[in-house]
Amino acid sequence: GDSVTQMEGPVTLSEEAFLTINCTYTATGYPSLFWYVQYPGEGLQLLLKATKADDKGSNKGFEATYRKETTSFHLEKGSVQVSDSAVYFCALSVSKGGSEKLVFGKGTKLTVNP
Amino acid sequence: NAGVMQNPRHLVRRRGQEARLRCSPMKGHSHVYWYRQLPEEGLKFMVYLQKENIIDESGMPKERFSAEFPKEGPSILRIQQVVRGDSAAYFCASSPRSYEQYFGPGTRLTVT
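So the sequences go chain by chain: A and B. Residue numbering for the first sequence follows the numbering used here, starting at 1 and increasing by one per position. Residue numbering for the second sequence follows the numbering used here, starting at 115 and increasing by one per position.
If you're looking for bench data, these hints aren't it; they were derived computationally from the structure. Built from N, CA and C at the ideal position, the CB exists for glycine as well. Be aware that a few hints might be false.
Claimed, not checked - Which chain A residues face chain B? A few, computed with CB under 10 Å, are given here:
1. Val11
2. Leu13
3. Phe18
4. Leu19
5. Tyr25
6. Gly29
7. Phe34
8. Gly43
9. Lys49
10. Gly98
11. Ser99
12. Glu100
13. Lys106
To be verified - Sample of chain A residues at the chain B side, in silico, Cβ under 8 Å:
14. Tyr30
15. Tyr39
16. Glu42
17. Leu44
18. Gly97
19. Lys101
20. Leu102
21. Gly105
22. Gly107
To be verified - Just a sample of chain A residues kept apart from chain B, beta carbon distances all over 12 Å, derived:
23. Glu16
24. Gly61
25. Glu69
26. Ser72
27. Lys77
28. Ser79
29. Gln81
30. Val82
31. Ser85
32. Phe104
All chains should be modelled from the sequences, with the hints used to inform the complete structure.
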């Protein structure tokens with residue numbers, strides 16, 4: 001079935017360090033791919049998305065490229081800030097029988113220290 | 115434009131009681147999704163509804179759980195005779211059309 005695997009955390013970085021969170025997926029068809037961020041005690045916020053192969057999603061300094069050949073959608077940021085501390089979820093959208101449900105990875109907790 | 119609203123934000127129930135979770139979608143959104151997040155886990159799809167219709171309930175437990183999205187008013191996720199394993203965060207998302215979902219702040223259910 002459809003699934004998302006992302007690197008396990010927690011990840012701890014110093015401010016201004018480079019961030020990579022790996023995400024790979026298994027899906028039938030051509031899913032859309034997403035990164036969501038969850039701050040403590042809050043719901044999920046869409047960070048970025050890509051709807052087809054080779055698309056690059058970007059927002060707030062974060063980037064991810066939809067790689068069909070490696071079935072990956074790795075999240076990167078060149079210089080993290082303390083305010084980026086949160087849990088990051090990779091997800092894909094599965095369209096079946098009129099339903100567009102999201103399938104999520106388990107999440108990666110990021111802590112950025114000053 | 116107000117975001118997705120969920121209430122209550124926190125709900126405590128004793129084993130055997132009923133839990134009712136409410137979700138008001140964003141204005142103009144007619145698609146509602148419910149997800150459950152267990153501790154240290156990602157979100158798991160439960161059910162997808164459009165106004166007055168359940169489109170996909172493949173993620174709903176077969177017993178004790180039900181959902182509705184009436185013509186007027188919020189979507190309701192109902193859990194009867196709650197057990198400790200139902201303790202989780204329940205998130206609602208709404209969408210104006212396919213694939214882009216906007217999430218509410220969630221309801222954190224604790225069963226004692």
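Verification of the supplied hints:
1. Val11: violated (15 Å)
2. Leu13: Nearest chain B Cβ about 21 Å off; hint violated.
3. Phe18: The hint is violated - Phe18 (chain A) has no Cβ within 10 Å of chain B, the shortest such distance being about 25 Å.
4. Leu19: violated (19 Å)
5. Tyr25: violated (13 Å)
6. Gly29: Result: violated, 13 Å to nearest chain B Cβ.
7. Phe34: holds (9 Å)
8. Gly43: It holds, given that the least Cβ distance between Gly43 (chain A) and chain B is near 4 Å, below 10 Å.
9. Lys49: Holds, because the Cβ-Cβ distance from Lys49 (chain A) to chain B comes to roughly 8 Å (cut-off 10 Å).
10. Gly98: holds (6 Å)
11. Ser99: With Cβ-Cβ at 4 Å, under 10 Å, it holds.
12. Glu100: This interface hint holds because 5 Å falls under the 10 Å limit.
13. Lys106: Status holds, d = 4 Å.
14. Tyr30: This hint is violated: Tyr30 (chain A) lies away from chain B, its Cβ roughly 12 Å from the closest one there, beyond 8 Å.
15. Tyr39: With Cβ-Cβ at 10 Å, over 8 Å, it is violated.
16. Glu42: holds (6 Å)
17. Leu44: With a minimum Cβ separation of about 4 Å from chain B (threshold 8 Å), the hint on Leu44 (chain A) holds.
18. Gly97: holds (7 Å)
19. Lys101: Holds: closest Cβ of chain B sits about 4 Å from Lys101 (chain A), inside 8 Å.
20. Leu102: holds (6 Å)
21. Gly105: Because about 5 Å separates Gly105 (chain A) from the closest Cβ in chain B, which is inside the 8 Å limit, the hint holds.
22. Gly107: holds (5 Å)
23. Glu16: Non-interface label stands for Glu16 (chain A): nearest chain B Cβ at 29 Å, farther than 12 Å.
24. Gly61: Given that every Cβ of chain B is farther than 12 Å from that of Gly61 (chain A), nearest at about 21 Å, it holds.
25. Glu69: holds (23 Å)
26. Ser72: Holds, since 17 Å exceeds 12 Å.
27. Lys77: Non-interface label on Lys77 (chain A) holds, nearest chain B Cβ at 21 Å vs cutoff 12 Å.
28. Ser79: holds (27 Å)
29. Gln81: Nearest chain B Cβ is 23 Å from Gln81 (chain A), so the label holds.
30. Val82: Given a closest Cβ separation of 22 Å, the condition holds.
31. Ser85: holds (17 Å)
32. Phe104: violated (4 Å)
The structure fails hints 1, 2, 3, 4, 5, 6, 14, 15 and 32 (numbered hints given earlier, in ascending order).
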